[in-house]
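Trainee: From just these sequences and the hints, can you work out the full model?
One line per chain: the protein sequences are A and B, in this order.
Read in numbering that gives the first Met the number 0, the first sequence has 119 at position 120, and its numbers run on one by one without any break.
Read in numbering that gives the first Met the number 0, the second sequence has 151 at position 152, and its numbers run on one by one without any break.
Just to be clear, a hint being listed does not mean it is correct.
[Said to hold, decoys possible] Below 30 Å or equal to it, Euclidean Cα-Cα: the simulated DSSO-like pairs (lysine-lysine) are:
| hint | chain 1 | residue 1 | chain 2 | residue 2 |
| --- | --- | --- | --- | --- |
| 1 | B | Lys257 | A | Lys168 |
| 2 | B | Lys269 | A | Lys27 |
| 3 | A | Lys63 | A | Lys145 |
| 4 | A | Lys35 | A | Lys7 |
| 5 | A | Lys111 | A | Lys67 |
| 6 | B | Lys257 | A | Lys35 |
| 7 | A | Lys26 | B | Lys357 |
| 8 | B | Lys136 | A | Lys27 |
| 9 | A | Lys27 | B | Lys357 |
| 10 | A | Lys44 | A | Lys54 |
| 11 | A | Lys111 | B | Lys286 |
| 12 | A | Lys145 | A | Lys26 |
| 13 | B | Lys136 | B | Lys269 |
[Unchecked claim] From the derived model, a few chain B residues whose C-beta atoms are all more than 12 Å from chain A:
| hint | residue |
| --- | --- |
| 14 | Thr48 |
| 15 | Asn53 |
| 16 | Leu74 |
| 17 | Arg244 |
| 18 | Ala283 |
| 19 | Lys286 |
| 20 | Asn292 |
| 21 | Val307 |
| 22 | Ser321 |
| 23 | His406 |
[What the hints assert, rightly or not] Some but not every residue of chain A turned toward chain B, in silico, with C-beta under 8 Å:
| hint | residue |
| --- | --- |
| 24 | Glu41 |
| 25 | Ala119 |
| 26 | Ala161 |
| 27 | Ala164 |
| 28 | Gln167 |
| 29 | Lys168 |
Honestly, the hints are just simulated from the structure, not real lab data.
Cβ coordinates follow ideal geometry from the N, Cα and C atoms, glycine included.
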Amino acid sequence: MAKAKAGKPVNNGVNVEALFGAQEALKKAPEAAKFKWRATVEWVKGTHSRTTVEKFYGLGAEQKHKEKFAFDADHPEIFAAEDNAATPVEIVLAGLASCLTAGVAAVAQARKIQLRSVSATLEAGMDVRGILGIDEDVRNGFDGIKVTYKIDADASPEDIRAVVAQSQKRSAVYDIIANPTNVTVEVA
Amino acid sequence: MRTTAVIIGAGQAGLAMSWWLAARSIDHVVLERGEVASTWRTERWPSLTLLTPNWQSRLPGFGYEGDDPDGFRTLPETVAFLERYARLVSPPLRTHCRVTAVRRAPDGYEVATEQGVWRCKAVVLATGGFNIAQLPKLSEAVPSGVAQLTPVQYRNPESLAPGAVMVVGAAATGAQLADEIQRSGRPVTLAVGEHVRASRTYRGKDLQWWMDATGLNDERYDEVENLARARSLPSFQLAGHPDRRDIDLNALTSLGVKLVGRLAAIRDGKAQFSGSLRNVCELADLKLNRLLNRIDEWAAENGVRDAVDPPHRPEPTRVEASPPLGLDFDRAGIRTIIWATGFRPDYSWLDVPVLDRKGNIRHDGGVVTEAPGLYLLGLTFLRRRKSSLIDGVGDDARDLSAHLAAHVRETRLGEAAGLA
Numbered sequence: 000m001a002k003a004k005a006g007k008p009v010n011n012g013v014n015v016e017a018l019f020g021a022q023e024a025l026k027k028a029p030e031a032a033k034f035k036w037r038a039t040v041e042w043v044k045g046t047h048s049r050t051t052v053e054k055f056y057g058l059g060a061e062q063k064h065k066e067k068f069a070f071d072a073d074h075p076e077i078f079a080a081e082d083n084a085a086t087p088v089e090i091v092l093a094g095l096a097s098c099l100t101a102g103v104a105a106v107a108q109a110r111k112i113q114l115r116s117v118s119a120t121l122e123a124g125m126d127v128r129g130i131l132g133i134d135e136d137v138r139n140g141f142d143g144i145k146v147t148y149k150i151d152a153d154a155s156p157e158d159i160r161a162v163v164a165q166s167q168k169r170s171a172v173y174d175i176i177a178n179p180t181n182v183t184v185e186v187a
Numbered sequence: 000m001r002t003t004a005v006i007i008g009a010g011q012a013g014l015a016m017s018w019w020l021a022a023r024s025i026d027h028v029v030l031e032r033g034e035v036a037s038t039w040r041t042e043r044w045p046s047l048t049l050l051t052p053n054w055q056s057r058l059p060g061f062g063y064e065g066d067d068p069d070g071f072r073t074l075p076e077t078v079a080f081l082e083r084y085a086r087l088v089s090p091p092l093r094t095h096c097r098v099t100a101v102r103r104a105p106d107g108y109e110v111a112t113e114q115g116v117w118r119c120k121a122v123v124l125a126t127g128g129f130n131i132a133q134l135p136k137l138s139e140a141v142p143s144g145v146a147q148l149t150p151v152q153y154r155n156p157e158s159l160a161p162g163a164v165m166v167v168g169a170a171a172t173g174a175q176l177a178d179e180i181q182r183s184g185r186p187v188t189l190a191v192g193e194h195v196r197a198s199r200t201y202r203g204k205d206l207q208w209w210m211d212a213t214g215l216n217d218e219r220y221d222e223v224e225n226l227a228r229a230r231s232l233p234s235f236q237l238a239g240h241p242d243r244r245d246i247d248l249n250a251l252t253s254l255g256v257k258l259v260g261r262l263a264a265i266r267d268g269k270a271q272f273s274g275s276l277r278n279v280c281e282l283a284d285l286k287l288n289r290l291l292n293r294i295d296e297w298a299a300e301n302g303v304r305d306a307v308d309p310p311h312r313p314e315p316t317r318v319e320a321s322p323p324l325g326l327d328f329d330r331a332g333i334r335t336i337i338w339a340t341g342f343r344p345d346y347s348w349l350d351v352p353v354l355d356r357k358g359n360i361r362h363d364g365g366v367v368t369e370a371p372g373l374y375l376l377g378l379t380f381l382r383r384r385k386s387s388l389i390d391g392v393g394d395d396a397r398d399l400s401a402h403l404a405a406h407v408r409e410t411r412l413g414e415a416a417g418l419a
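Mentor: Right, here's the structure in full:
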């Protein structure tokens, strides 16, 4: 177990030894590093849909979550919907928040920083004239995302900022949002 | 032709190795595709100056003797400096002798050149790590009306088409070119990915003075925490101007250079930039501050605190609230793109299977263990942080020449035993 400077073992609940082991193993077997993430969506009613995830591919084989997870999505009543669940764009924020926070825990563990509490609030601006087709010059998506972390940890403010910066550098969802991705949608 | 060792390349690395092999009485030849200091002569833009001060060019048996130790050499001065070193070393040199192939031979290696074939027990690749300017794949999508240049082709701002310029990459090369081109009156957009911020001077001393004094430049490859990362880090954002000015992103912004995120894609004549500009700047600011913290700690521990100016921290990199995420080349009037996206070594003539999947040679501090008798010199963090500096290649050449001498001795003993 990693030891903090004070001598107490650092435990953020992240098995970095296993992660470093995977890093070494995948250096030698780059094919096994190729993953495929999958989701399946069913329309429920109106703007309400349910997406489930269960299987994915990685380490050269089909893999499975311990159970099937479901994510409902809908729109609020002010969009003339029933508000059965979060909006898809909020789920995107949840994805970013979870990804960055997992990264904070892992990077802190690797740097032997004991975390006591981590929370963040996310806010994303959007001009809905885009999705409503009112103005073609307005983009559909966010015009920016602001993430504000509050972290209580055994580390200097600079070291905490470095953990958060490194977590962004290594985050999949941050990359997906900050950089263009080709999207192909087909009808089977 | 037979010799014990062949050194390929007569830049600072090849000359330093020749000095050490001569000191160890090892028979060798230095093969050079052009003249001494060929890359410095032909493959860099004329205004380039060394990024290390004059004093910091200590080579085996040689060093700076002028009266401007803190100045920075121009390109012609650098060539002249290495020519003087070549005269001192007076290596067994073959110029205009391009190597066409290096392959294994029963008793060592065979080096084929334009002037014949050498057989030898050891080969030192002193051809450097900065031979070919790397182009990212997305350069293929650049609209045809936009000229594309690498730093090897670039000469000066005046030779560019009139109009705006996009410089891709913000290591030393990209930052220097952005500075020079913006000053010429051509507006520059600089695409910034991960970079290493630096300031030319700190507490009244050159940054390289600190790197040298603190021992950071001597940090060994087998001591550093993440060697792969240390070897792939972009270069310091430094220039060697007489006014010792900084060329970090704040300095470039003050000149009027427009900062955008990493160039992520080009689609339909439009560039798309990553939304990560703020974070790469934060990473670089934090990294520079960690370096300055180490310098301050060293200064405090070693009692030089009073001999230098008090500590300070540079202003954090200024990033506008919403940096642009896209740019239409045509509408922005961009006529030229300069790819300052790094260099890679050229091993097209190397017929020994020692390359990894990225085209780099697998080695342990310059010893190519899979091919006994094959050595590398002059690459980034080969054996020390200073390995790619003129000032650093001498220590590496000393270490590797000792290894090479032992290898030659062992193979000779092996051969003698085989004969007996």
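Trainee: Run the C-beta distances from alanine 283 of chain B to all of chain A and say if the shortest one exceeds 12 Å.
Mentor: violated, 9 Å
Trainee: Is the hinted pair lysine 27 of chain A and lysine 357 of chain B satisfied, with a Cα-Cα distance of at most 30 Å?
Mentor: holds, 13 Å
Trainee: Double-check alanine 119 of chain A for me: the hint is only fine if its C-beta lies closer than 8 Å to a C-beta in chain B.
Mentor: Where the cut-off is 8 Å and the nearest Cβ of chain B is about 15 Å from alanine 119 of chain A, the hint is violated.
Trainee: Does lysine 145 of chain A lie within 30 Å of lysine 63 of chain A when you go C-alpha to C-alpha?
Mentor: Judged against 30 Å, a Cα distance of about 33 Å means the pair is violated.
Trainee: Against chain A, does arginine 244 of chain B keep a CB gap of more than 12 Å to every residue?
Mentor: Nearest chain A Cβ is 27 Å from arginine 244 of chain B, so the label holds.
Trainee: Can the restraint linking lysine 257 of chain B and lysine 35 of chain A be considered satisfied, given a maximum Cα separation of 30 Å?
Mentor: It is violated: about 38 Å lies between the C-alpha atoms, which goes past 30 Å.
Trainee: With a cut-off of 30 Å on the C-alpha distance, tell me whether lysine 35 of chain A and lysine 7 of chain A pass.
Mentor: Between lysine 35 of chain A and lysine 7 of chain A the Cα gap is close to 39 Å, so the pair fails against 30 Å, i.e. violated.
Trainee: Confirm or reject: histidine 406 of chain B is not an interface residue toward chain A, with every Cβ-Cβ distance exceeding 12 Å.
Mentor: Check passes; 28 Å lies beyond 12 Å.
Trainee: Looking at asparagine 53 of chain B again, its CB stays over 12 Å from all of chain A?
Mentor: Since the minimum Cβ distance to chain A is about 35 Å, asparagine 53 of chain B lies beyond 12 Å and the statement holds.
Trainee: Holds or violated: lysine 111 of chain A and lysine 67 of chain A, Cα atoms, limit 30 Å.
Mentor: Not OK: lysine 111 of chain A and lysine 67 of chain A at ~34 Å, beyond 30 Å, violated.
Trainee: Is lysine 257 of chain B within 30 Å of lysine 168 of chain A, Cα to Cα?
Mentor: holds, 23 Å
Trainee: When you look at the beta carbon of serine 321 of chain B, is every beta carbon of chain A farther off than 12 Å?
Mentor: violated, 6 Å
Going down the numbered hints, you'll see the structure goes against 2, 3, 4, 5, 6, 12, 18, 19, 20, 22, 24, 25, while the others check out.
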